[in-house]
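S.K.: Here the protein sequences come in this chain order: A and B. The first sequence: position 263 = 263 (our numbering), numbered continuously. The second sequence: position 126 = 126 (our numbering), numbered continuously.
Hints are computed from structural coordinates only; laboratory data are not their basis. Cβ coordinates follow ideal geometry from the N, Cα and C atoms, glycine included. Hints should not be assumed to be uniformly reliable.
[What the hints assert, rightly or not] To give an idea of the interface, some chain A residues facing chain B are shown, with a C-beta separation under 10 Å as derived from the structure:
1. Trp-33
2. Glu-246
3. Pro-343
4. Asp-346
5. Cys-394
6. Ser-437
[What the hints assert, rightly or not] Computed footprint of chain B on chain A, listed as stretches where at least three residues anywhere in the stretch have a Cβ under 8 Å from a Cβ of chain B:
7. 274 to 288
8. 449 to 455
Here is how the chains run, residue by residue.
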Amino acid sequence: MSEASRRGLHVYRRWFQLVFLPLFLALLTLTVWPLGSVFLGAFLVGDPLIALNSAMNGVLRPEMWLAVVMLLVPLAVGRAFCGYVCPMGAIVEWASPKKRGSGLSERARERWRRAPVFVLLVSAGMLLFASGAFLVLDPLATLTRTATTLLFPFADRMLRLAGDLAYLVPALRDATDAVTTTLSGRLIYAEPRVYALAFGVLGAFAGILALNLAEPRFWCRHLCPLGALLGLMGRLGFRNRTVDAEACISCGACERVCPLDAVRDEYLATDTSRCQLCLLCADACPTDAIAIGTRPQKSLYVPSRRTFLAGAAAGLLAGFFTFTGHARRALDPHLVRPPGARPEDDLLALCTRCGQCMKVCPTNVLQPSLSKSGVEGFFTPEMDYRIGSCDWTCAECGKVCPTGAIMPLALAEKRTTVLGRAYIDTTRCIPWADYESCLVCQELCPVPEKAIVFTEDAVTTPEGADLVVKRPHVVAERCIGCGVCEWHCPVPRESAIRVRGLDA
Amino acid sequence: MDRRDFCRVALGCTVIGCAGGLAGCARLLEWSASDTGAARVATMTAGPPPSAEPTAAGVPTSTPEPTPPPLPDLAVYRGDDPAANTRAAVVALGGMERFVRPGARVVVKPNIITGRDPELATTTNPQAVAEVVRMALEAGAASVVVFDRPTGDPRTSYTVSGIQAAVEAAGGSMKTLSDRNFERFEIPAGRELTSWPLVTDVFEADTFINMPIGKTHGLAGLTLSMKNLMGIMGGARGEVHQRFHQKIVDLATLVQPHLVILDAYRIMIRNGPTGGKLEDVATTKTVVAGTNMPSVDAYGTTLFGMQPTDLEYLRNAGEQGVGGIDLEALVIQEGTA
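For reference, chain A alone in the conformation it holds in the complex (with noise of 0.2 Å):
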């Protein structure tokens, strides 16, 4: 490596990844309750590949001239973005292993060049019916989940943690209880926070991670759709790697450093669809042949017919059958949507599968969608009314949402959004079933005209005892199904009066 070659910004490209990834968890942990005018969503809004999805489906907002930018800059810097932008290639960088070169053989390697034009299909097909399960593989939105799921319940309970250890120090306790207030609601919560499924988002990273095993940056190079979309840009580029044929001695040692296969031909092509100008290929180059540079020699994938055929069968495959699932017709009963959610079909067309909503969310309500809204709708929010309720005073999740997927409303219009209705299961309620007291739906349900009343009932028990029973009843018309009734009912397991959803 010559000296006189490390020049430029590539050398700072560590700390373009230092910055962008801390930056990316600090906006994160700021989308709580009540959400400032900072814009929080700004990597997942700019993130061409949902941008594209939400165009596709009708839904444009302003802020999408940060997806556009995104989505021309490959023309001049290639999947520069990968290398020096995006906080899940930054990961996927450093978990992989220092040894450079790729463990698989030269037919794998070829085979796997396919990949991309095969997730670009599938995507597009998918994105054609209008189903948006393939952003579920988005790497934005798939960092997003898997903090919101992982690392911020982590630190919920390191926090607890540490302050149960301070706690048994009497002189600390005071200190304890004001940093607990002060980070009440923004990392630590009243009940740690629990997200079904967490074990499989740790599968699914770990997974991604471990594809590092097989070749540095497996994930980047080969399956991520947003890196093979930016790749498609890329292909156009007229500004990219350029290596000086005269001076190009053809040692190899750009092809051995190179994270992402972009070298090519004899060394003297590029790649462009995977080409992130990190330049290590430069800093490797004995004679420094190699400089960024327009009209770059390209060496691009082009697929066989066959190849084209098959990826494009797998979309259409895969668009059809999401389209056509069984869950879209017969919806669950229990399946509630947050409050400003899009009909069925729109939410799962428009949805990436990020986890925002749920991060923000101040009472854990919602939750990942697992079997209730089928496989196109893993990971879509959720209320889980066992574990929290709507918050009146809460209005964010359609705030945060980068693709209108839940709708932001007025705090005033949520809280005469319906959600769902309060049934009360009568052979389970403890004032129905058991002639007790209880009440705590109708004390607690927040509609100002209360949508649970109640009626004090002569009944003669069982055992012949005469009482008067205050027992409650749901005024349909005014329920929102905001589900704080479901959520503190005292009988166990499953509440005695839930909430279900509703057709619009």
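With chain A's structure known, arrange chain B on it following the hints.
M.R.: Frame of chain A; chain B shown alone:
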């Protein structure tokens, strides 16, 4: 093994060791949620806290007069300013110095059931709470801590109710309760409720001030000071709603606040205890202060046009000797602030 490998192994062992240590701590502390069933014994007595010095019991040591005038059981003050009403009522009871000694740790328990604007009378008037904080600090309190256990998210409740901002401006501090703040306490005189996890601060404070707001309540009839103590209960409070009218009295046999201030500047006359409509709020511009919860609550019922005996739990409290609910037998000082 070269140095790099050694560092790597050392780091790995450290991480594993720390994780194991943390897991061990977590097991020992049971993630804070320890409720082993073994209950702690604590006692509280109604009225002003016992004096530190063995001087005349209940009389502030700084008072120069040898025979202070007899103090009323209840002080009821009306006026346009919730803070001034509160101050006048406490002064009529002998001043905050009677309840707060210099250097005392003071705990104030308002009603912050959920987050609502103060105008909706769902939560205790923030100006009144702030005034109590100021008075306690004026009396020399070392710290004034304000908390409740809201039914929803504590942060939204503290913020929207306006109580957090008012208390902090007055020099007090809000506290968000964690599992570690609760401990199971024995209730020796309890008939239905014999032990329950309660906030330890209430028992460890030198002065505990109960500061409810008057509201209607489906099950209880009215929620006043006795019902307000449900906010210091941990655990699954839904279970308290069965045989409620005895359990709430049982709790009052154990937890006897030194000072009870019923905020009735605005009261909720329908759709309580959460409300949400201005039409359900009556502006009675009153504060009722006393040292005994059933007595304060007995007066509170009259603000709603009811009799103390209309509430089953008040009848129980009176019959079981927790406090006097016969307003005729109480010395009540009324005035305008």
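S.K.: For which of the previously enumerated hints does the structure constitute a violation, in increasing order of number?
M.R.: 2, 3, 4 and 7
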